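Novice: When we follow my numbering, the leftmost residue of the sequence shown carries the number 3, and every step to the right adds one.
Any given hint might turn out to be false.
As the list claims (entries may be wrong) - Keeping only pairs whose Cα atoms sit at most 25 angstroms apart, straight-line, the calculated BS3-like set for lysine-lysine is:
| # | residue 1 | residue 2 |
| --- | --- | --- |
| 1 | 73 | 49 |
| 2 | 84 | 49 |
| 3 | 84 | 73 |
| 4 | 84 | 96 |
| 5 | 62 | 84 |
| 6 | 62 | 78 |
| 7 | 84 | 71 |
| 8 | 59 | 78 |
| 9 | 92 | 78 |
| 10 | 62 | 73 |
| 11 | 49 | 62 |
| 12 | 49 | 59 |
| 13 | 49 | 78 |
Said to hold, decoys possible - Quick list of simulated restraints, FRET-style, between CB atoms:
| # | residue 1 | residue 2 | range |
| --- | --- | --- | --- |
| 14 | 62 | 38 | 20 to 28 angstroms |
| 15 | 100 | 43 | 24 to 32 angstroms |
| 16 | 9 | 88 | 28 to 36 angstroms |
| 17 | 113 | 47 | 46 to 54 angstroms |
| 18 | 78 | 114 | 53 to 61 angstroms |
| 19 | 114 | 45 | 41 to 49 angstroms |
The hints are simulated quantities; they were obtained by calculation from the structure and are not laboratory data. On a predicted model such as this, the values are computed, not experimentally measured, just so you know. Glycine is no exception: its CB is placed at the ideal position from the N, C-alpha and C atoms.
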Amino acid sequence: MSDVEQLPQNVQERLARLQQLQGMLQSLAMQRQRLDIDLSETERALKTLVGVPSETKVYKSVGAILVEKPKDDIVKELTENKELLSIRTKALEKQEGKARERLTGLQQTLQKELNLPSGGP
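Make the full structure from the sequences, and use the hints.
Specialist: This is the structure:
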């Protein structure tokens, strides 16, 4: 019989919830990291286009091909994408913060129930 199986049912459930929250936090952090990379690439593309004259041919990658598009259209698309990425990043940060709070609360509860000294993770 494992040590976990010897714990009361409510403690076992909290431990399982703690593991779920840790997994969710890791997933949220990875999603936010991908969004941060996309946002950085979008900002870099917008900065590059700032110094490009309007009459210069500009190409957009669409799958495996490049398509010529007017510079203004591409700037508009990139700006909209940047705004969307910023909104999604903020939403993920809020989710991450709430999950962290729940995780901390659950850790404290478990520490009390198991009579463990409290300390940082």
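Novice: Starting from residue 62, check that the Cα of residue 78 is at most 25 angstroms away, please.
Specialist: The given pair, whose Cα atoms are some 12 angstroms apart, holds under the 25 angstroms limit.
Novice: Take a quick look at whether residue 84 and residue 49 sit within 25 angstroms of each other, Cα to Cα.
Specialist: Judged against 25 angstroms, a Cα distance of about 12 angstroms means the pair holds.
Novice: Hinted pair, alpha-carbon criterion (25 angstroms max): residue 49, residue 59. Please report holds or violated.
Specialist: 16 angstroms, holds
Novice: Compare the distance between the alpha carbons of residue 49 and residue 62 with 25 angstroms, and conclude whether the hinted pair is satisfied.
Specialist: 15 angstroms, holds
Novice: Looking only at beta-carbon atoms, does the pair residue 113, residue 47 fall within the given range of 46 to 54 angstroms?
Specialist: 48 angstroms, holds
Novice: Assess, step by step, whether the Cα of residue 92 is no farther than 25 angstroms from the Cα of residue 78, and give holds or violated.
Specialist: Answer holds: residue 92 to residue 78 is near 21 angstroms, not above 25 angstroms.
Novice: Does the Cβ distance between residue 78 and residue 114 fall inside 53 to 61 angstroms?
Specialist: Given a distance of about 55 angstroms, which is inside 53 to 61 angstroms, the answer is holds.
Novice: Taken at face value, is the distance from the CA of residue 84 to the CA of residue 62 at most 25 angstroms?
Specialist: Holds: residue 62 and residue 84 sit about 16 angstroms apart, inside 25 angstroms.
Novice: Do the alpha carbons of residue 59 and residue 78 lie within 25 angstroms of each other, as the hint requires?
Specialist: 16 angstroms, holds
Novice: Does the Cβ distance between residue 62 and residue 38 fall inside 20 to 28 angstroms?
Specialist: At 22 angstroms between Cβs, range holds.
Novice: Do the Cβ positions of residue 9 and residue 88 conform to the proposed distance bound of 28 to 36 angstroms?
Specialist: 44 angstroms, violated
Novice: If you draw a straight line from the CA of residue 73 to the CA of residue 49, is it 25 angstroms or shorter?
Specialist: Since the Cα atoms of residue 73 and residue 49 sit roughly 13 angstroms apart, the hinted pair holds (cutoff 25 angstroms).
Hint violations for this structure: number 16 only, all remaining hints satisfied.
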